[in-house]
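Residue numbers (the UniProt record's numbering), protein chains in the order written: chain P, 1 to 756; chain V, 1 to 756.
Calculated from the structure, these hints are not laboratory results.
Some clues are possibly wrong.
Same chains, same label: a pair holds when it works inside one copy or across any pair of copies.
Computed list of lysine to aspartate or glutamate pairs in EDC-like fashion (alpha-carbon distance at most 16 Å, straight line) [as the list claims (entries may be wrong)]: (1) K343 - E497; (2) K410 - D708; (3) K232 - E257; (4) K258 - D652; (5) K178 - E239; (6) K694 - E60; (7) K410 - E634; (8) K651 - E259; (9) K496 - E284; (10) K516 - E366; (11) K493 - D451; (12) K109 - D152; (13) K448 - E164; (14) K639 - D323; (15) K493 - E452; (16) K327 - E74; (17) K493 - D71; (18) K448 - E497; (19) K476 - E415; (20) K496 - D451; (21) K109 - E395; (22) K694 - E111; (23) K270 - D17.
Protein chains: 2
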Amino acid sequence: MNYKYLLLHPNTRPFIDQARFGVEREGQRVDLTGALARTDHPEVFGDRAFHPYIQTDFSETQIELITPVTDSVEELFQYLAAIYDVASRSISDEEMIWPLSMPPALPTKDEEIMIAKLANFEDVLYRRYLAKEYGKRKQMVSGIHFNFEFGDDLLRSLFAQQTEFPDFTSFKTELYLKTARNFLHYRWLITYLYGASPLSEANYFVDKPGPSEPIRSIRNSSFGYTNHPNVKVSYSSMERYLSDIEQMVEEGKLSEEKEFYTPIRFRGGKRVADLTTTGVRYIELRNIDLNPYARLGINPEQVKFLQLFLTYMLWVEEEQEPDAWVKEGTNKNEVVSLEHPLKQTAFHEEGLKVLNGMKEMLIKLEQPTAIPLIEKMIEKMLQPAETLAGKIYQEAKEKSQHEFALNLGKKYDEEAHARPYQLAGFRDMELSTQLFLFDAIQKGVEVKVIDEADQFLRLQHQEHIEYVKNANMTSKDSYIVPLIMENKTVTKKILKEAGFRVPNGAEFTSMEEAIKAYPRFAKQAFVIKPKSTNYGLGITIFKDGASLEDYQAGLAIAFSEDASVLVEEFMPGTEYRFFVINGEVQAILLRVPANVVGDGVRTVEELVAEKNLDPLRGTNHRAPLELIQLGELEQLMLKEQGLTVSSVPAKDKIVYLRENSNISTGGDSIDVTDEFSEDYKQIAVSAVEALGAKISGIDLIIPDKEVDPEKNPTAYGIIEANFNPAMHMHVYPFAGKGRRLTMNVLQLLYPEIFEK
Amino acid sequence: MNYKYLLLHPNTRPFIDQARFGVEREGQRVDLTGALARTDHPEVFGDRAFHPYIQTDFSETQIELITPVTDSVEELFQYLAAIYDVASRSISDEEMIWPLSMPPALPTKDEEIMIAKLANFEDVLYRRYLAKEYGKRKQMVSGIHFNFEFGDDLLRSLFAQQTEFPDFTSFKTELYLKTARNFLHYRWLITYLYGASPLSEANYFVDKPGPSEPIRSIRNSSFGYTNHPNVKVSYSSMERYLSDIEQMVEEGKLSEEKEFYTPIRFRGGKRVADLTTTGVRYIELRNIDLNPYARLGINPEQVKFLQLFLTYMLWVEEEQEPDAWVKEGTNKNEVVSLEHPLKQTAFHEEGLKVLNGMKEMLIKLEQPTAIPLIEKMIEKMLQPAETLAGKIYQEAKEKSQHEFALNLGKKYDEEAHARPYQLAGFRDMELSTQLFLFDAIQKGVEVKVIDEADQFLRLQHQEHIEYVKNANMTSKDSYIVPLIMENKTVTKKILKEAGFRVPNGAEFTSMEEAIKAYPRFAKQAFVIKPKSTNYGLGITIFKDGASLEDYQAGLAIAFSEDASVLVEEFMPGTEYRFFVINGEVQAILLRVPANVVGDGVRTVEELVAEKNLDPLRGTNHRAPLELIQLGELEQLMLKEQGLTVSSVPAKDKIVYLRENSNISTGGDSIDVTDEFSEDYKQIAVSAVEALGAKISGIDLIIPDKEVDPEKNPTAYGIIEANFNPAMHMHVYPFAGKGRRLTMNVLQLLYPEIFEK
């Protein structure tokens, strides 16, 4: 089969860089001194039996981060970064993830290396077998498993250009077999470039002596994690490959098929034997060491290079019969693995030839943008000190590898904790959605962003699928609920009918009609507001009634915003946001206008600057609180109080910088959930129930929260109910206790996970 | 109690005309000759046991239309008109509602007058008793029962100005007692003005002789529907009133309390005796004859006058002790009832005094706008021929009362049938909502418009409440469903994942990114469209691929409409709208661009004019089809075909006047539900199910509906799913069978009603 011809076909061109990617990233949990953690895998992750993202590998301390299959490099790193963030923040504050493939100094006693405490006893037995067969220490090495699949359109286009294979499945299998053989032949180049396990730490080589360190990759050498030499499997055809593995198992050289530790695995169904029917669906590279310079253990450049490399493995001709070709590659890889990291490799010329071949391929395939990456790798051929192993070794010489790794580990851990309200990979999404994604990943609910700009998520746990938008719009609310809440008149009618106190008033669609009603409002406190616009636009408040002229003026303002205007009783008091989820008040929030508290020393400007240092404050809704501004409106507000930005407020004097209490204009969010009696909470719960909602932020005006609402009919008034209430301000308030509302929503959707 | 003083208080002024109204309107079902109908009450109304709007009174032919309690005269007539429309259109086409209080000529045999076939046997027994006690014929008279309640704010304001009554309930009872006594004293004036039963028809006075006709009101005279003279009840106090009624029942003068036929009833709880605890909540006037000049039996002017009259009854002082005062009124009413309709009444001066008193009251209460109405009534005092009885008698003299009534009845019936897709009273609402209101009223689901402009309805049957917007947005769909459908990318992803054929394509948020993908689309048929805007704006179709320049131009157009643009495979074929409700395809519609079919004789202009005569065509979405225009776009389209508005198309030649098939631009809607195999219907049902929806209009492109979609994967493609699909175009299509989708929605919401 001339794959080069197929790849060059013009119909294939549009899909040439189409591929799917997945990463499994192992890493040891260590304490802040770099010693192996002594704790169990955190309970917060729930049941390891199904967790799709965060697992344990051989040992209890060896955390494994698993991305879903993704359609682009960008998406791959979104998930990997997010899962890393979740793992980092979910393990104990006294722990972090070790950034090297080689484990830190291991305990001297074997029994102190804990085998993963899996629920399935067979899994434990298998690990016990491995410990006995290979030694526990070798199992403590970590790495990247890189899952790769050529794009479906690409494969189908290649398939369409050939006639040799009548069916797509066998065509694909043959294609991946060729790719794999070439990969096994040339993989020494990956070891050269990305080998990153030059040195072992204490108590690693205990049973047998190790190599003479430093080398390029302990993990990829025969001192790493390999089968016994009597395990031999041919890659000449799928039939041969499968029957060889079967024979190895029958002969007892492997306990089961998954013990076959090849640097590249074919993946089809659940078991190796399924490949007969499924064909190869994707391949798994297992020879990638953790790159300690990448927080996630691998970086996008590496993935891109691996994609190009695998494409080249398909492109370039094999030069010997299959088994010999693979064997030569295995031998070369052993040589390169054991080389000193700072020395030129023995296969320098061949390496250059491969890289130049890749360049040529890219030119022919009209993919010029990828060429600089190849050139960068050519540079590394010339500069062994620039390879990963070269760099690590040099740093280890200066201090120690342990210290080097410890510092990097701490740095990565701090990065993960710096903005706990955000989730790496998804920082362009709304904060509430970032928090919700965090929770879903932590609890092992499969989650896919199906429209990032629209905050649209798809969740799945076993057969149970849910869609979520803005982290609070779900299938649990009915369609009519947001329509009710969107319409202030309808909301009020329903609440009033159900016996709740809402502002009395009327809706008008003409000035004439509204003026006729003037006598009803003239002498009381009342508000004029547009029916549907928000953000406080067009609202006039008359706290002591109004003259007919003022009434008309207020109406004119409101009618300029909307064709329908409400005139309502004004309810004095403090406004609180009650957040109700599934029949429970989960949070109560007080919003206070932007302000500073004087200390008798500093100016308003200095106080604002200091308050803005709070890491919870940011801009553009990417933090739970916004930076306080000192713009025109704030300065006007100061002026009204006889102040300027240079005034020095007295100690404990609160200076307000805004009339409105919006968080978006620098307001403070204060959690007051525990300050309210059950009576008030019951009012909020019942009102939300009357509106038929499962999730709602309902705003109550309460003049005095100590007053018993059961006895006093004017103890509260309901202003409005919101169907898309912000959640992040409750999770990370300015003051008071944070309330993890996103987790409550997740529990509403997936009670089955939380019941365990 | 000086009610005049209370009414004059400035705090009361804003609420002076606040009141609530309800009407019960009886009417005999007759055939088109005016003979009493021989059919049963129509089954389409469902169960009379609970129907709140359409009932039967004494006889099976005596339909009773009942409005809910309303807050304004406008709202009262909205409901009354709607219920009348529903009743008129639901009874047999061979029947109509008799417009007079006096029944048409009755059968000679008593047994041919059918007692209402009610399910509750006690109700039947009571009617049998009435037939025996008063004779069946007297029970055949119809009228208006007018329920009236002073506004709550008005009553509370009056209550607040006085000190005599410590509790609101007893204050209200006293107030209504006074109103009632004055009403009973002065009601002869209502008989004079609105009495409308001057003549009886054949076989009415059979047992005993009647009065010497014509008179002002047979129904309000002693020849009408009154208790035996030995029934005597005092109105001096509520205690006395109740104990008198109790005594009448004990003495056997009444079979039960509801047999007490007073012209004004106090209403509180369900039974008269409940008044002790509930107090009077409202009053029911029972002395209003059907006004044959009003389609609904009563008009807004009458209701307004009754409101002013009742306010005056509260205002004006009683001049004798209660029982004497009432008795004098009863005597006067008998006199007036029996007067010749064209003669001045015996109480002419007193009538003028009352009306002038009302004028004076209005001036003092600063309600000048109502004065012309009083002056109109003064005019009628001077012109007896202008009273209802006067007018009817004059018309009856010219032809016969029978012919006069028959003509009016037919006219009203035709009016009710003229635009069957609309519902009188609610013509400002969307057609789908009008149809839905019709269905709810017909089936006896209580329905309230809670926001007319927003098409928001509240439904209730027993304890089961539902809210509905736009007749298709309900609690049965989940909130996430419209959000999914609103987002074309998300919709496609979900449908594709579920195995449905959707156009292949990609979403782009930048020109650069989109241009990069050019090779993928260059040589196939494809469409460029903005992600979220509708109405076909910004869409470019390339049926044979596109040059890079054209591709870029298409992108620029789409990006000018939206920040996200979709480039998708173009699917050729015909677009059909499948309307799915609750897992069933209820309708399939084909939309055809505005067109005319030539006859070889007439010009395009003439053909359009003729097609526009279809009563289904109207303007501004107030009809199921729009008028075909001959504007710029249509003329351009003609020009492209080498035609003008004056061209004469050949016989059977179809001339299209528009590219687009929207109904809103004159397109034809063609029901093709029965032309599709179950396979296609199953695709639509399953796709809607995959999206999680209960109600959706899903658009399928089908090149050839005879192709088996099970065998041919390109037999169909799904273009989009709509969460607010228009329904009226399916109910009243241009061609094909109408599908009552609104009834399907009602059934989805209230299966319990349809299960019976």
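Out of the numbered hints, which ones does the structure contradict? 1, 2, 4, 6, 7, 8, 9, 12, 13, 14, 16, 19, 21, 22, 23
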